[in-house]
Amino acid sequence: MFDQHTRSLLPDAELSRRQFVLTSLAAGFALAAQPISAQTIVTDTAGLTTAEVSIPAADIAFPAYLARPEKGTRFPVVIVIQEIFGVHEHIKDICRRLAKVGYLALAPELFARQGDVSKLETIGDIISKVVSKVPDAQVLSDLTTCVAYAAKTGYGDIKRLAVTGFCWGGRMTWLFAAHEPRVKAAAAWYGSLVANPRNNPDFKPDPLRPTFPIDIAPTLRTPVLGLYGGKDQGIPLETVEQMRAALAKGRSGSKIIVYPDAPHGFHADYRASYRREDAQAAWKAMLAWFKQHGAA
Numbered sequence: 001m002f003d004q005h006t007r008s009l010l011p012d013a014e015l016s017r018r019q020f021v022l023t024s025l026a027a028g029f030a031l032a033a034q035p036i037s038a039q040t041i042v043t044d045t046a047g048l049t050t051a052e053v054s055i056p057a058a059d060i061a062f063p064a065y066l067a068r069p070e071k072g073t074r075f076p077v078v079i080v081i082q083e084i085f086g087v088h089e090h091i092k093d094i095c096r097r098l099a100k101v102g103y104l105a106l107a108p109e110l111f112a113r114q115g116d117v118s119k120l121e122t123i124g125d126i127i128s129k130v131v132s133k134v135p136d137a138q139v140l141s142d143l144t145t146c147v148a149y150a151a152k153t154g155y156g157d158i159k160r161l162a163v164t165g166f167c168w169g170g171r172m173t174w175l176f177a178a179h180e181p182r183v184k185a186a187a188a189w190y191g192s193l194v195a196n197p198r199n200n201p202d203f204k205p206d207p208l209r210p211t212f213p214i215d216i217a218p219t220l221r222t223p224v225l226g227l228y229g230g231k232d233q234g235i236p237l238e239t240v241e242q243m244r245a246a247l248a249k250g251r252s253g254s255k256i257i258v259y260p261d262a263p264h265g266f267h268a269d270y271r272a273s274y275r276r277e278d279a280q281a282a283w284k285a286m287l288a289w290f291k292q293h294g295a296a
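When we follow the UniProt record's numbering, the leftmost residue of the sequence shown carries the number 1, and every step to the right adds one.
In case anyone wonders, no lab produced these hints; they're calculated from the structure. Remember, predicted model here, so these are calculated numbers, not experimental data. One should not assume that every hint holds.
[Unchecked claim] Per label pair, the in silico range of CB-to-CB distance:
{"#": "1", "residue 1": "37", "residue 2": "260", "range": "21 to 27 Å"}
{"#": "2", "residue 1": "132", "residue 2": "153", "range": "30 to 36 Å"}
{"#": "3", "residue 1": "51", "residue 2": "241", "range": "41 to 47 Å"}
We put the CB at the ideal spot given by N, CA and C, even for glycine.
Take the sequences, apply the hints, and build the full model.
Next comes the structure, spelled out in structure tokens:
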């Protein structure tokens with residue numbers, strides 16, 4: 001359940017009280033992500049050290065996946081923020097891809113307090129039963145805890161800190177870049193930008209998600225690269241243009257690339273939404289962005 005390091009930090013009473021909390025990562029892919037595409041990329045662990053780790057926060061210890069080069073020390077750090085499907089095999093593979101090019105990549109399970117999405121069979125259940133109950137403040141706090149954890153491993157150089165995230169994690173990438181001043185560069189993949197993208201007259205603000213990327217754009221200081229699809233049905237292009245205009249009011253140097261024919265989730269190689277050429281181009285753009293801004 002808890003590793004020895006985490007156990008040493010928690011009183012016995014606290015250990016027994018927290019047994020219900022998700023303490024391990026999903027194996028394979030989330031049920032709601034099925035069926036899995038034949039195009040799915042599998043990155044091997046040759047030359048890498050990979051592990052499921054337990055990260056102690058103030059109230060719980062939450063699991064995370066860590067990948068880094070096997071040899072060497074003081075690697076630049078990338079915090080990888082999950083999709084709504086949690087830290088399943090695709091997110092782990094992204095960490096291994098980053099480790100292959102020299103990063104210590106760390107993907108925390110940010111839904112640990114609210115539930116295990118890997119066992120839920122529909123996206124609707126994931127959103128209603130888990131994701132809708134996750135406060136932004138909790139996520140930002142856990143991500144900051146991950147930065148400290150990466151430094152304490154003795155292998156991570158948080159002076160070269162980057163963050164990237166996908167879909168749900170794309171929105172949180174924008175917010176964490178604004179929240180954590182140590183982030184040198186960020187790459188947000190098709191994360192929502194405004195609270196009410198379809199201008200629904202019945203829209204009600206969510207107190208757990210009070211801020212959206214467009215709200216922080218004018219005061220953002222960290223350079224964020226936004227990677228979006230021109231045929232994303234959930235993120236209208238007009239909201240992308242609104243975000244660009246808001247960013248232009250600030251001094252972060254952030255920019256957004258739109259891949260005209262790409263749908264939402266175009267990087268998710270395990271799903272039908274995958275667009276190989278756009279995904280590869282965006283991945284190269286992300287790595288170049290990190291290098292350009294001192295996170296490599």
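Against the structure, the hints:
| no. | hint | result |
| --- | --- | --- |
| 1 | 37 x 260: 21 to 27 Å | 22 Å, holds |
| 2 | 132 x 153: 30 to 36 Å | 33 Å, holds |
| 3 | 51 x 241: 41 to 47 Å | 42 Å, holds |
The structure fails none of the hints (numbered hints given earlier).
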